[in-house]
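Q: Order-wise, the sequence lines are chains A and B.
What the first sequence shows, in my numbering, is residues 1 to 264, in sequence order.
What the second sequence shows, in my numbering, is residues 1 to 317, in sequence order.
Worth flagging that the hints you see were computed from the coordinates, not collected in a lab.
Errors might be hidden in some of the hints.
[Unchecked claim] List time: in silico DSS-like cross-link candidates among lysine-lysine, alpha-carbon distance up to 27 Å:
hint: 1; chain 1: B; residue 1: K71; chain 2: A; residue 2: K258
hint: 2; chain 1: A; residue 1: K86; chain 2: A; residue 2: K13
hint: 3; chain 1: B; residue 1: K75; chain 2: A; residue 2: K258
hint: 4; chain 1: B; residue 1: K15; chain 2: B; residue 2: K56
hint: 5; chain 1: B; residue 1: K243; chain 2: B; residue 2: K285
hint: 6; chain 1: A; residue 1: K86; chain 2: B; residue 2: K15
hint: 7; chain 1: A; residue 1: K258; chain 2: B; residue 2: K56
hint: 8; chain 1: A; residue 1: K13; chain 2: B; residue 2: K115
hint: 9; chain 1: B; residue 1: K75; chain 2: A; residue 2: K13
hint: 10; chain 1: B; residue 1: K115; chain 2: A; residue 2: K260
hint: 11; chain 1: A; residue 1: K260; chain 2: B; residue 2: K71
hint: 12; chain 1: B; residue 1: K243; chain 2: A; residue 2: K86
hint: 13; chain 1: A; residue 1: K13; chain 2: B; residue 2: K135
hint: 14; chain 1: A; residue 1: K13; chain 2: A; residue 2: K2
hint: 15; chain 1: B; residue 1: K285; chain 2: A; residue 2: K86
hint: 16; chain 1: B; residue 1: K224; chain 2: A; residue 2: K86
hint: 17; chain 1: B; residue 1: K75; chain 2: A; residue 2: K2
For clarity, every value in this text was computed on a predicted model and none was experimentally measured.
Below, each chain spelled out in residue letters.
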Amino acid sequence: MKNAITDSLIITKRQLLQLARVPEVLIFSTIQPVMFVLLFRFVFGGSISTGQPGGYVQLLMPGIFVQTVAFTLAATASGLAEDMKKGLIDRFRSLPIARSALVVGRTLGDSLLNILVLIVMAGAGYAVGWRPTASVLSIFSAFVFLLMFGYALSWTGIYAGLAVRDARTVQNVSFLITFPMTFLSNAFAPTTGMPKALQYVAEWNPVSTMVAACRQLFGLENQFGATANSFPSQHPLTTSIFYMILIMVIFIPLSVRKYKNSSN
Amino acid sequence: MKSVIAEHLVKTYRKGEVKALDDLSLDVEEGTVLSVLGPNGAGKTTTVRILATLLKPDSGNASVAGIDVIKNPDKVRELIGLSGQYAAVDETLTGWDNLVMFGRLYHLGKTASIKRAEDLLERFSLTESARRPIKTYSGGMRRRLDLAASLIVQPRVLFLDEPTTGLDPRGRQEMWEVIQELVKGGVTLLLTTQYLEEADQLADEIAVIDHGKVIARGTSDALKKQVGGERLEITVENADIAKASEIVGRISASAIHVDIRTISAPVLTGSVALMDALRALDEAKIHPLDIGLKRPSLDDVFLSLTGHKAEEEQAKA
Numbered sequence: 001m002k003n004a005i006t007d008s009l010i011i012t013k014r015q016l017l018q019l020a021r022v023p024e025v026l027i028f029s030t031i032q033p034v035m036f037v038l039l040f041r042f043v044f045g046g047s048i049s050t051g052q053p054g055g056y057v058q059l060l061m062p063g064i065f066v067q068t069v070a071f072t073l074a075a076t077a078s079g080l081a082e083d084m085k086k087g088l089i090d091r092f093r094s095l096p097i098a099r100s101a102l103v104v105g106r107t108l109g110d111s112l113l114n115i116l117v118l119i120v121m122a123g124a125g126y127a128v129g130w131r132p133t134a135s136v137l138s139i140f141s142a143f144v145f146l147l148m149f150g151y152a153l154s155w156t157g158i159y160a161g162l163a164v165r166d167a168r169t170v171q172n173v174s175f176l177i178t179f180p181m182t183f184l185s186n187a188f189a190p191t192t193g194m195p196k197a198l199q200y201v202a203e204w205n206p207v208s209t210m211v212a213a214c215r216q217l218f219g220l221e222n223q224f225g226a227t228a229n230s231f232p233s234q235h236p237l238t239t240s241i242f243y244m245i246l247i248m249v250i251f252i253p254l255s256v257r258k259y260k261n262s263s264n
Numbered sequence: 001m002k003s004v005i006a007e008h009l010v011k012t013y014r015k016g017e018v019k020a021l022d023d024l025s026l027d028v029e030e031g032t033v034l035s036v037l038g039p040n041g042a043g044k045t046t047t048v049r050i051l052a053t054l055l056k057p058d059s060g061n062a063s064v065a066g067i068d069v070i071k072n073p074d075k076v077r078e079l080i081g082l083s084g085q086y087a088a089v090d091e092t093l094t095g096w097d098n099l100v101m102f103g104r105l106y107h108l109g110k111t112a113s114i115k116r117a118e119d120l121l122e123r124f125s126l127t128e129s130a131r132r133p134i135k136t137y138s139g140g141m142r143r144r145l146d147l148a149a150s151l152i153v154q155p156r157v158l159f160l161d162e163p164t165t166g167l168d169p170r171g172r173q174e175m176w177e178v179i180q181e182l183v184k185g186g187v188t189l190l191l192t193t194q195y196l197e198e199a200d201q202l203a204d205e206i207a208v209i210d211h212g213k214v215i216a217r218g219t220s221d222a223l224k225k226q227v228g229g230e231r232l233e234i235t236v237e238n239a240d241i242a243k244a245s246e247i248v249g250r251i252s253a254s255a256i257h258v259d260i261r262t263i264s265a266p267v268l269t270g271s272v273a274l275m276d277a278l279r280a281l282d283e284a285k286i287h288p289l290d291i292g293l294k295r296p297s298l299d300d301v302f303l304s305l306t307g308h309k310a311e312e313e314q315a316k317a
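The shape of chain B in the complex, shown without the other chains (with noise of 0.2 Å):
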């Protein structure tokens, strides 16, 4: 069954001039994780909006958990947890406020939100600094306690909005403990994310946004696949360059690209191709600096899927 699903959703800002979407489609199966992928500005946050009920699309349809995003927003408030860009918790309160707050929110009843803060600020590590206001945190304890106010009422279906953007490598480190945690306890979660190895880390699937689409969707390794398979990378000294790229590009599948001194060739054979080359190199003598076997990464996968970097896009944005 699909937990999320979004049908041609159009959202246009500023009376039609900003196309923040254009029909966009996409749907998460139950108990899975898909991973929205794209630079800033592709529309991945204004997808979660829609589909959280804080806004509505100009067209298209969404639903999550089998209910009616825009017809019954209400009911599906009920069903989702939503943990976004910017921790959205109050800082001058304490963490131990904040999630005794949102329990009584959600009408569990005060003797319950109390229970429920103390089970989550114990699950993420927060005892601790429970009675610290939130002012006082780190990146990363911020957005574990914004994590933990969205799991008060155990959600059908999860949205994190770019749940490490901003984050040093260790609170990311952490962040993706805690997310793998919740996904092996079952939930349904939809995770946008501009980092790319982020995405391969969490996701069972993949769909890769930009201007507003999806251009490409799949697991991790169809994508990497679609790209192109395997490729053979070899450094050699600049003097043997010419020699090498005429012993590679025998062995190449396709067309080979040459730098000053890196052979990158696309091969089908894997090992079987990297044996060969360095059979052939040795016997004419040429000793690489380098050779491996390189899979495509994700980067790889947007360049060529959008004819431009995502982390280029991402120094315009």
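Chain A on its own, in the form it takes in the complex (with noise of 0.2 Å):
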């Protein structure tokens, strides 16, 4: 056991070396993030009247905080089809470690990720204008909550990973998937406007119930939509918690057998 949290460990030291070597990787998988606030901020910031205090921008953030961190799992996933492809993995599970240890690493990595791009946005969002009014408790609970989320959808990139095998590939299906569920959802614009039976999809997705969540605990009264008047929309909170360990309820056997069981 000490030693798989050891490898593990060793793993996500790989990934920051990675990073550390080619820091490109770094400046782009940052520069992103920025630049949708910068465009959501000013483009649709003027148009979209919200009521809010504070304006837009303030229902915005919560809503790229949760795309960003959903879009981590397309880089999870063909990092991980990058090193089957490479034979890296081959030489991983010939080597005396715990079978976990390149995936938990990896998730870790990624996690580790998220918090650096987190950390960069909410520097963006406040030169913005964003300005949480909750208790700083609360504000660092949604920022945990965030990595949390991240940290669960990073299974279901490692899955993807190990399924496709093809980085390109993968990343092409991981943006396929993650795109319309972020935009299908509460993230940068009312539910209410969308066709009814759109509205009960969008408020059950996971996206929004984690922006929703996360808008409670950056001090927001206004919930952007709602009007279904769901489940989910109504305690936000729970609904993501019940989605992140169902996800990984889901994933982390699927992925670990599909580890075990990979060979070219």
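Assembling the complex is the task here: the two chains are given apart, and the hints tell you how they should meet.
A: In structure tokens form, the structure reads like this:
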């Protein structure tokens, strides 16, 4: 058990070393979300009327935080697919290390990357007028939830990477799933404008529940839609936690099994 | 003592449609080099993957250093080194980063990992490029680093899966020198290759495999003998071919083979037959353009064992 933890941390360290050796990756993975913040804030911010004191950016930031965290699963998946293809996984599997170390190490590494990206984004948000009103503890717990959500999602990335095995394909596939998921939600616009059926989908969408939970924790009253009056829109935090557990209960065993049986 | 034993290994893919291994058995004596020789798709990589605990066979048994690879894979992993067809190192990291990381994963501890990494870099002439990312390495350097990574803890048994595939002649030569050094150090080595020359150069024994089975086994010399001993090859002017064939036919041990102007004749007496042929041809006033004794190459071995050339199969695959 002690070895399993050290082994995982060595793999995590490898990922950090990769970032140090190829700093471009880190730069671009932070530029993109910052660009989203600026675009949405200044392009849509003026035309979406929210009635929210402090303006659209207050509602936008939780949405963009969740979106960014969800997008990192593509990096998890493509990184792993790349390792598979290059035969690096074979080398790891031929070493006397814990079987779980490689995948656990990677999910931890992705979480560390998420921390960094979230800090940069929070700074960018602050610069364009984002001012959470809740207590420090509540704001802090919002970020912890965001990281937990990212961690849970990274297991779907692990599974996708092991299953698809081609970095470019899996990156496209991940994007095809996460992109509509983040937009078919309350993240950027009220769900009330959608057709009734879509409103239900949007409100049960884990992205929406996470965004709503974060808005609450950042001290917002306005839930940006939620007319369908569904359970998730009234209990966003509970539903989000339920989703995270569900994702991990399904994808951790699936990924570990896939990893054990993986052989080119 | 046998360091590697594989018994009746069977492995099928796609629900039995593709038979990768079809009752394959082999073994390697401790401290020797066995080369598994065969064309692409013959089952070489599958064999190595099973022995290196990466793959489970459908049936059959295998052990490495006396330990069952199927029942006790964790123990086996502590004793083996594996270097695959693709250079399995992290390309974004430097050579130094890679070796230190693998050292840590072998639980060597930080100081020992660094020491070992530096020793190996030195030994494989990579010290100068140690701080450069692998991406910038040549094919040969990558393979050497990959090999270094499989030697972090002195392995009892080393598996090298096509260590020189894709390398240019110089890279191949360098790799051979490195492997010959290792062999002198007494490691037990199982090496797969599709290069006949490579097996000839590096191995004590050769197992020829085709369609998932060992079809012949022995030293390079023994295999060559199995195909038939020496042959006399004589090239003459077109006009002389009929007369020359008749003369050589009398000296030959069995049926000769005649091309447009080349005669190939199996002989049992080696240089004596060569002298006889020269004398007889001279008496008949025939002056050969070329004459010589040829021992069969491993290409000939493959052709006579499988009925097809190793190279042809490669082109198909």
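Q: Each hint needs a verdict: does it hold in this structure or not?
A: Outcome of the hint check:
In summary, the hint linking K71/B to K258/A is supported, as the alpha carbons are separated by about 20 Å, within the 27 Å threshold. A threshold of 27 Å between alpha carbons decides the hint, and for K86/A with K13/A the separation of about 19 Å falls inside it, so the pair holds. For the proposed pair K75/B and K258/A, the alpha carbon gap of about 22 Å is at most 27 Å, so the pair holds. The hinted pair formed by K15/B and K56/B meets the criterion: a straight-line CA distance of about 14 Å does not exceed 27 Å.
A distance of roughly 10 Å separates the Cα atoms of K243/B and K285/B; the hinted pair therefore holds under the 27 Å criterion. For the hint linking K86/A to K15/B, the alpha-carbon distance of about 26 Å falls within 27 Å, and the restraint holds. Restraint check: the Cα-Cα separation between K258/A and K56/B comes to about 14 Å, which is no more than 27 Å; the hinted pair holds. For the given pair, K13/A sits about 19 Å from K115/B by alpha-carbon distance, which is consistent with the 27 Å threshold.
A C-alpha spacing of about 26 Å is found between K75/B and K13/A, which places the hinted pair at or below 27 Å, so the restraint holds. Proximity of K115/B to K260/A is assessed by CA-CA distance (about 32 Å); at most 27 Å being required, the pair is judged violated. Pair hint K260/A plus K71/B holds up; C-alpha atoms about 15 Å apart against a cutoff of 27 Å. For the suggested pair K243/B and K86/A, the alpha carbons sit about 60 Å apart, so the restraint of at most 27 Å is broken.
Restraint check for K13/A and K135/B: the C-alpha separation of about 19 Å stays at or below 27 Å, so the hint holds. Between K13/A and K2/A, the direct Cα distance comes to roughly 17 Å. Compliance with the 27 Å bound is thereby established for this hinted pair. Proposed proximity of K285/B and K86/A is contradicted: the alpha carbons are some 64 Å apart, above 27 Å. Only pairs whose Cα atoms come within 27 Å are accepted, and K224/B paired with K86/A is rejected, the gap being roughly 37 Å.
Straight-line distance between C-alpha atoms of K75/B and K2/A comes to about 18 Å, which keeps the hinted pair within the 27 Å bound.
In terms of the numbered hints stated before, the structure departs from hints 10, 12, 15 and 16, listed from lowest to highest.
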